[in-house]
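K.L.:
On the provided structure of chain A, position chains B, C and D as indicated by the hints.
There are 4 protein chains.
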Amino acid sequence: MPKIVMLGTGLIGRFYTMAIHGQRSRDRVQVVYSRTAERAQAFAAEFDIPVWTTDLADAIAHPDANAVVIGLPNHRHEEAVQRCAAAGKAVFCTKPLARTAAEAKRMLDLVERAGIFHGYLEDLVYTPKAQKALHAVQNGALGKVLWTRSRETHPGPHSDWFWDKAQSGGGAIIDLGCHCIEIGRNFIGKQIRPLEVMCWAATQVHPIEAEDSAIGLVRYADGAISQFEVSWAFRGGMDLRDEVSGSEGTIWLNHFLRTGFEMFSAAGMGGYVAEKSETERGWLFPVGDELTELGYVPMFSEMFDALDQGTPPMETFYDGYIVNAIMDAAYRSAASKRWEPVEIEEWRGALETDQGQVQREYDAQHWLVKEETMPDGSVKLILKEKTTGRIVQQIRSLT
Amino acid sequence: MPKIVMLGTGLIGRFYTMAIHGQRSRDRVQVVYSRTAERAQAFAAEFDIPVWTTDLADAIAHPDANAVVIGLPNHRHEEAVQRCAAAGKAVFCTKPLARTAAEAKRMLDLVERAGIFHGYLEDLVYTPKAQKALHAVQNGALGKVLWTRSRETHPGPHSDWFWDKAQSGGGAIIDLGCHCIEIGRNFIGKQIRPLEVMCWAATQVHPIEAEDSAIGLVRYADGAISQFEVSWAFRGGMDLRDEVSGSEGTIWLNHFLRTGFEMFSAAGMGGYVAEKSETERGWLFPVGDELTELGYVPMFSEMFDALDQGTPPMETFYDGYIVNAIMDAAYRSAASKRWEPVEIEEWRGALETDQGQVQREYDAQHWLVKEETMPDGSVKLILKEKTTGRIVQQIRSLT
Amino acid sequence: MPKIVMLGTGLIGRFYTMAIHGQRSRDRVQVVYSRTAERAQAFAAEFDIPVWTTDLADAIAHPDANAVVIGLPNHRHEEAVQRCAAAGKAVFCTKPLARTAAEAKRMLDLVERAGIFHGYLEDLVYTPKAQKALHAVQNGALGKVLWTRSRETHPGPHSDWFWDKAQSGGGAIIDLGCHCIEIGRNFIGKQIRPLEVMCWAATQVHPIEAEDSAIGLVRYADGAISQFEVSWAFRGGMDLRDEVSGSEGTIWLNHFLRTGFEMFSAAGMGGYVAEKSETERGWLFPVGDELTELGYVPMFSEMFDALDQGTPPMETFYDGYIVNAIMDAAYRSAASKRWEPVEIEEWRGALETDQGQVQREYDAQHWLVKEETMPDGSVKLILKEKTTGRIVQQIRSLT
Amino acid sequence: MPKIVMLGTGLIGRFYTMAIHGQRSRDRVQVVYSRTAERAQAFAAEFDIPVWTTDLADAIAHPDANAVVIGLPNHRHEEAVQRCAAAGKAVFCTKPLARTAAEAKRMLDLVERAGIFHGYLEDLVYTPKAQKALHAVQNGALGKVLWTRSRETHPGPHSDWFWDKAQSGGGAIIDLGCHCIEIGRNFIGKQIRPLEVMCWAATQVHPIEAEDSAIGLVRYADGAISQFEVSWAFRGGMDLRDEVSGSEGTIWLNHFLRTGFEMFSAAGMGGYVAEKSETERGWLFPVGDELTELGYVPMFSEMFDALDQGTPPMETFYDGYIVNAIMDAAYRSAASKRWEPVEIEEWRGALETDQGQVQREYDAQHWLVKEETMPDGSVKLILKEKTTGRIVQQIRSLT
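The listed protein sequences correspond, in order, to chains A, B, C and D.
Using my numbering, you'd call the opening residue of the first sequence number 1 and step up by one each time.
Using my numbering, you'd call the opening residue of the second sequence number 1 and step up by one each time.
Using my numbering, you'd call the opening residue of the third sequence number 1 and step up by one each time.
Using my numbering, you'd call the opening residue of the fourth sequence number 1 and step up by one each time.
For reference, chain A alone in the conformation it holds in the complex (with noise of 0.2 Å):
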């Protein structure tokens, strides 16, 4: 059972502790670090939680503690890490891993050499919508993955040092990409290499020297396409969509600004509406309850039951250490301006990957390319003779 210490009182440390100490739930917070005394105190205070202090080492190798969650800035998930793996506790660290493939590498060495469990809490593929998509898709619904889609843009980041590219490692791609890169891993399969990217990316919009808008194409070794698109500078609150195709079918979800969730208020709702939200009258689309429809409940739990169960949990940081590596392939092409590879040190997945098209066969003399009802209500076939090659059309009328 997890006794957690939460690293980092920002708004990610504060989800983090709502999530934990959720709806029933056996688990608790035993210990929280901040930088300063005087958050870390008020923290300690809301959440009921037992002891606080402003000395990392101290928060992490408090004896009435197992188990720890790195809530902090990018620069510093490292050292916590080592910290951790000193002293030989179970370590969840916040996405992205790190700034750099190199980064998430030693980080990944350091928890497998301690031999300590190690969660990378990339909290979006545990949205109930994406568990039960990947279910589906798991089950075959969709037949053969060829294409995701996954976006979140909405106006920026809460916190300053996510502004400052030395703490943060980057923009956009770095805060949102990592999301996205996952979600888009998750549909066409982990087991799948991802092979090369492409990407766009620019400042458009705010005076930083990060990207604040990137578009990416990451080609995996199947032959599906997993496209990103993240920004800062997104208008409407935030746009938190992932889409699937497949030979078979397609899946949409919305995570936030669709969700069946809709509300006119001239008189405002008097305060927060939902993360990133923009305005608090006029149309507004809250989420139900954020904590779960963000997956931060549904991933403890999951985490949390695999650190009980001593299994390792669905996302490990040998997970983020490949996000990372997709990350760095997307800042190569965004420069080079071509396809860059993906340098993967270690690569546990499968080595070879059928590419074939999906036949599906007419009869013995065709394969079948398309069926369609027209509007006079027949039937017009697409076929493609076996020996020759030639596309021929057939008609059936509807009886």
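Source of the hints: derived by calculation from the structure; they are not laboratory data.
Careful, some of the hints might be misleading.
If several chains are the same, the list does not tell them apart, and a pair holds so long as it fits within one copy or across any two.
In silico EDC-like cross-links for lysine to aspartate or glutamate, where the CA-CA straight-line distance does not exceed 16 Å [as the list claims (entries may be wrong)]:
1) Lys384 <-> Glu371
2) Lys384 <-> Glu112
3) Lys384 <-> Asp164
4) Lys384 <-> Asp363
5) Lys337 <-> Glu196
6) Lys337 <-> Asp376
7) Lys3 <-> Asp48
Nothing here was measured: the structure is a model prediction, and the numbers come from that model.
P.N.:
Relative to the frame of chain A, chains B, C and D by itself:
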């Protein structure tokens, strides 16, 4: 901390147990009762419940448990409540509380005389969307609530007993209307007295005696109107929507069919899609996590917290009694074809209520009736002269 | 080929003229009438209309025109129809046809005795969505229609006269209910007799004498129920939705607020967004082409084709009369608080109608009540024994 | 006034003729050409066209017609344009204009040298939604356009020739990308030069040589990015969506699958549901009036008005040429795996374009980076110090 007896192993007992045992929960079902040993044993095995029995009295009196969840057919609620009262155990009863207001009142009296904790398991006011919407309404985001509409329609209930009026007490009104009525009551305000009901009910499709379709209007003391629409003859899945209209705003909730999860599958999902789904291929609309979206998880969370703290929960047997009183009036109205008064033996809410219109002053001489931007960009004002009552219009150009 | 007199230069006269003159149309308004010379002249100039006048008799009798479109306030319809009958000209009258069924019947008698072409300008049954949906329903896509719901609510009408009961004949029912009632009648079938009406009406918000909110149920001879919901107190724009439920299917139409056009603007659109839109910033929901989406263009197309071909149009004064008869019953019911019969002087539809339930046979011994896939993948059947009437259930495993 | 020759009797010729002859139109097709007499004759009979022929030259030269609509396979466009130029007749060509930019340029030169009216039949920029959205963007409702996404995907084209690269010139890019590219160009502004293209293309599903899936990015001189997504392998119908993101707002258009028309049918619609629909039962999403919703009616209206008035239409052969130039670059990029320049022989738009970021000043010392309401109701500001470039944050409490 509740140690729970679960009465009933049908779909509702299953959903309740899954919700109670769910994500990292500290709560457990200790005893399960079913009419048949086979089902009781299988259920206990599936959900890791230490004790099973086919004896209702034994189940309720079991020394390892201090709280009883009633998931039995409607005609067996009263007997179970009697035993809980006798045993002095906290009791949580599924919806509807009873078949009639008289039965509900007897059950209310039993628990109040025994002084036991009592919760009415009206899950749909606990959905994350309903809770957030209620919060917004209570904060004034919609001004005065004028109209609510709650709709629950699907192709009919799962269990055979529900199709038999003697056991269930009625048809779609008893099964689904109880949800809709209590949702409307929450939005309008529980302190506002429901005065009278007009209801149409018919058996349109199914070969049964009870109504399979009904529409009702409940008029409240403050002038608000609350509409319920229920059917066992809807095609397309389960239509579960709430709408609220106020003097300052509007809320639309869709709990099931349009929640931001859309899927096309030519291959099919291979089995269960969602409660009351009708198709396994083509366009499908699953929900992310039914136990949360239907309110089961947040409901037990609030109820058990209340039990732990010794406070009444949001929904008590008194609420269930009021709902039964409104349903009684609905059945009377369907027969008499006129508005029928809601007969409440002991009204605990407000005794006087302001019915007044919501006036907006335009200037010293006029009330503002309406303001609108026209196609040519000008703004048209409809005003009412305070002294004469005459309606006049003014055009204001945009500049 | 119609040469048109347009009576009235308000918003409806404007929409009508724009629709008639629209995309490559061969039809033209030749004469326009308004109460004031200033408005008549400006309108004629704007729409390139050769003749304008402030004399109603002159306008109708003008030799350059053979067809009259009435876009006047409700209390002036009858007079205009009288003159058209006298002049022997085709007449098209805006909705509602009249303020009462008696007035409507006089107008119907006038046009029938004069033998002139008469069209009832109920645009909302002509929207492209309504037309396609009607076609699907008539083809049997929904089986037997059981329930319709038509909702039109917005913050109130544009023109001052409509807020004055003497001129308009009533409030939201007369203004909006006429649309909803005729939409429901089309879906259920015009040959089916409307038997009785139950209606709630109230003045909830505005400082006026007429009702600003109403909900009504119309019961038809075949057992179908048709629901109308109207309000001048809705916030958020214009809510214009139709829903139809049948024994085999469901239709949901949204004509205005959720049509696949969604826009967030922090800058604002600089003026008109859409009819009855309330906001110019934030999330906005414009419609593509209002004249088409609201049915004006297809309506005049069908009406003028009928005139050219000498056949009656889809909507005649008889339809307008039936709508007024239903509205009369609604007003009576709102006062009497009971169901009121629809009084029709001369019923031209079916005299006998099958009310029967829709039975589906399962096997020689059983009726099928319901079939559903359960969470464990099995299929549960609810059956009714033909001889005993007993309800039984069967479980069928998926294999 | 156009008297029209229709070249081609396939689905597009049918849609064009229906649109031209539609609602009270004054325009008529006078001559129809098809390769086979049987089809020409049947088409002429169906649409009441006086003259039919199987001779292309005769059709174009026919003395009863002054305008030619080209609805032929792609490889026959140039020949038809040559004949129109020779005959001095107005010409309207379906999309794509040509198979390559070189072919398009020759066609452009032909019509310009001949001085004939030329229209490029890009219907999807004429949809009512696209037109209103363009108007809003041009009015500044979105600020500076930063990103556009246009997606057209379906299970593949109707006609056999389109599956043959020699006749069509390519696959999904040539068929669908031409739409998406021109939609993006309209939103960003036609005066802004498209600079370079990055494109991924693959044959993922069908047994053909051309690409059945592609994703491309077009970078414009003002820094905007325009994304196209096309596929012949989408399942679920026709996905036709446009999205635009600007510094001040967002637009989402759905033209086909989610337009406010939702239908469940267990019985089926008995034939045609909508273009590229895959199912006839279950949940269906028809569109109201395809000819309007897909832009055909408004397109011919604008084009013929322009012809009557002697002005160029919104979309000319020059636009078709630019689209072909962008598609050429896309094909080159798919092969070279890098960004490829858009090669335009004669650029007629702006030569210099501001690329600048959109700065918002907070006060004399700071730029405003971002402002957001937090869960506790406070407002967090992210600011950039003008002199140091340092990012700082400030919290402002709500009071």
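K.L.:
Hint by hint, note whether the structure agrees.
P.N.:
Do the hints match the structure? See the list:
{"no.": "1", "hint": "Lys384 <-> Glu371", "in the structure": "within (12 Å within a copy, 41 Å between copies)"}
{"no.": "2", "hint": "Lys384 <-> Glu112", "in the structure": "neither (53 Å within a copy, 41 Å between copies)"}
{"no.": "3", "hint": "Lys384 <-> Asp164", "in the structure": "between (56 Å within a copy, 11 Å between copies)"}
{"no.": "4", "hint": "Lys384 <-> Asp363", "in the structure": "within (10 Å within a copy, 44 Å between copies)"}
{"no.": "5", "hint": "Lys337 <-> Glu196", "in the structure": "both (13 Å within a copy, 11 Å between copies)"}
{"no.": "6", "hint": "Lys337 <-> Asp376", "in the structure": "neither (48 Å within a copy, 43 Å between copies)"}
{"no.": "7", "hint": "Lys3 <-> Asp48", "in the structure": "within (14 Å within a copy, 25 Å between copies)"}
Figure legend: structure checked against the earlier numbered hints; hints not met, in rising order: 2, 6.
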